[in-house]
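Chemist: Protein chains in written order, with the working numbering: chain Z, 176 to 449; chain A, 176 to 449.
There may be inaccurate statements among the hints.
Note: identical chains are not told apart, hence a pair may lie in one copy or across any two.
What the hints assert, rightly or not - The calculated lysine-lysine pairs, modelled on DSBU-like cross-linking and capped at a C-alpha distance of 30 Å, are: (1) 372 <-> 221; (2) 221 <-> 374; (3) 374 <-> 253; (4) 253 <-> 299; (5) 299 <-> 221; (6) 256 <-> 374; (7) 256 <-> 372; (8) 372 <-> 299; (9) 413 <-> 253; (10) 221 <-> 256; (11) 253 <-> 372; (12) 372 <-> 413; (13) 221 <-> 253; (14) 413 <-> 374; (15) 256 <-> 413; (16) 256 <-> 299.
Calculated from the structure, these hints are not laboratory results.
Chain residues, written in single-letter form:
2 protein chains.
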Amino acid sequence: MVERVVFFVSDQTGVTAETLGHSLITQFAGQNFRQTTLPFIDTEDKAREAVRVIDATAANGAPHPIVFSTIVQPNLRKIVKESVGLHLDIFDAFLESLADELGAAPEYLSGRAHGVSDIDAYMKRIEATNFALANDDGGVSRNYDVADVILVGVSRSGKTPTCLYLALQYGVYAANYPLTEDELETGTLPDFLLEHKHKLFGLTIEPERLRDIRRERRPHGHYSTTQQIRFELRESEKIFRRYGIPNVNTTSFSIEEIASRILDSTGVERRVRP
Amino acid sequence: MVERVVFFVSDQTGVTAETLGHSLITQFAGQNFRQTTLPFIDTEDKAREAVRVIDATAANGAPHPIVFSTIVQPNLRKIVKESVGLHLDIFDAFLESLADELGAAPEYLSGRAHGVSDIDAYMKRIEATNFALANDDGGVSRNYDVADVILVGVSRSGKTPTCLYLALQYGVYAANYPLTEDELETGTLPDFLLEHKHKLFGLTIEPERLRDIRRERRPHGHYSTTQQIRFELRESEKIFRRYGIPNVNTTSFSIEEIASRILDSTGVERRVRP
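Starting from the given sequences, assemble the full structure and let the hints guide the process.
Modeler: This is the structure:
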């Protein structure tokens, strides 16, 4: 299958162009894409260099590249669009109709979305990340009073990455507590968790998938046996039912999906937005 | 200032719609936006319910809402577009020209971007997150052989959130090592770091900003004094110069920007893409 080069070109980090482009190209599963990000294209010289890089990929009869871009300045966008390839730029597509609807002129300032403009949001994300780390894995802090949500589930059900993602992406204060033999054998949760029962959210997962994940970490031993895993999951799900804890099966979900489902289900407010 | 409601509507998590919309609305700084995400709009019933929610915000003469959406299924998109407001949808805007360029029909499958389709990418991000946690703050593991990059800098210069972001977003293996009295007073780095000198990347920050960040954590004491902070930053920058370690001043950058600048400067490959 012939390779199709995809560029994500941005006057800033390229995160928006990457996210946008990824949503679109994943609709074409049969294609062979090679992805390249060209960030910080914020001068005319850099824009011309980007054009050279893009044009080079189409030499010798290779198919035209796809260029997803987020370039605020019209003069830089114009230069980048001189390269070969299909150009899809969100400011080109949407900025004018948005300005019309708002009855306001855009500021054409690059770096607004992920930049210096919001130090307050930066601090909130950092503080939320520190919170997640201090309250990871039942951690020493147990500042459950200020937690927005407390994830519970067996080891490797996805609690830690989900908490970190909620913190970094949304500034949400997410703690997590692992269900271990103590809870699983008695079928009860400790009082310091039950005091915050309305903040609890459970993660569960299919046994086969959890076995794969655990074996990646510890190939041998009790921890990764099918029998142990089935026991833990069955008992953890009983606990969710017993206390009426909302929960999600993470088996086929990405970290983004698990996080979105938690926010959607609990109604926890995003403190910042990406 | 009259409030303008902004919706991010998606058949999946809403992350793409949020990212896209945020890039656009931040170009209009003077406006008063209230942002709401409606994720998992993946049936006709849910689409009709979304229309009711959107229409309700425009009752009583309130200005029309702005609706950023990423809805793959044309029938669901059609329903959502029946609501009042300005509708900006990336599939509407870009899918057809992309299909033309690729000479292929889109699959119209929702959930491709952040979903079940890529368990391998999920595992890579989890493993990278585990690596970042095990190698945080000079951590016990010091698996620097498999690190893609090792961030160095003084306490609270932004190392930990940047490593976690690189892991979660891109599956990059990022370790970090804090420069403490040992290194700062001797001006030398330990051998176990110098063995991987080509992987080192420095973070620095303005003294005033670092003071604010440290005082948030510990309002009093040596750690947060201007004198101590100036000493640490001056000596850490000397170390960067002495060993030729590329570095970035994080003062006015978001986590996304710091991460992008590191990838751009080091040439470290993204193992997965958002």
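Chemist: A separate judgement is required for each hint: does it hold in the structure or not?
Modeler: For each hint, the structure was consulted:
When the C-alpha separation of residue 372 and residue 221 is checked against a cutoff of 30 Å, the pair qualifies only between copies, where the shortest distance is 29 Å, while the shortest distance within a copy is 54 Å. For the identical chains of this complex, residue 221 and residue 374 are inter-copy neighbours only, at 26 Å across copies versus 49 Å inside a copy, given an alpha-carbon limit of 30 Å. Within a single copy, residue 374 and residue 253 get their C-alpha atoms no closer than 50 Å, and across copies no closer than 37 Å, so neither meets the 30 Å cut-off. Taking the closest pair of Cα atoms, residue 253 and residue 299 never come within 30 Å of each other, the shortest separation being 36 Å inside a single copy and 37 Å across copies.
In this assembly of identical chains, the alpha carbons of residue 299 and residue 221 never lie at most 30 Å apart, being 33 Å within a copy and 32 Å across copies at closest. In this assembly of identical chains, residue 256 and residue 374 lie within 30 Å of each other by CA distance neither inside one copy nor across copies; the values are 49 Å within and 35 Å between. For the identical chains of this complex, residue 256 and residue 372 are neighbours neither inside a copy (55 Å) nor across copies (39 Å), given an alpha-carbon limit of 30 Å. Taking the shortest alpha-carbon separations for residue 372 and residue 299, only the intra-copy value of 25 Å comes in at or below 30 Å, while the best inter-copy value is 33 Å.
In this homomeric assembly, residue 413 and residue 253 never come within 30 Å of each other (Cα to Cα): the closest approach is 60 Å inside a single copy and 42 Å across copies. For the homomeric pair residue 221 and residue 256, the shortest alpha-carbon distance inside one copy (13 Å) is at most 30 Å, but the shortest distance between copies (39 Å) is not. Proximity of residue 253 to residue 372 under the C-alpha cut-off of 30 Å is found in neither arrangement, the shortest distances being 55 Å within a copy and 40 Å between copies. Proximity of residue 372 to residue 413 under the C-alpha cut-off of 30 Å is restricted to the intra-copy arrangement: shortest distance 15 Å within a copy versus 51 Å between copies.
When the C-alpha separation of residue 221 and residue 253 is checked against a cutoff of 30 Å, the pair qualifies only within one copy, where the shortest distance is 13 Å, while the shortest distance between copies is 40 Å. Proximity of residue 413 to residue 374 under the C-alpha cut-off of 30 Å is restricted to the intra-copy arrangement: shortest distance 18 Å within a copy versus 47 Å between copies. Neither within a single protomer nor between protomers do residue 256 and residue 413 lie at most 30 Å apart by alpha-carbon distance, with minima of 58 Å and 42 Å respectively. In this assembly of identical chains, the alpha carbons of residue 256 and residue 299 never lie at most 30 Å apart, being 37 Å within a copy and 34 Å across copies at closest.
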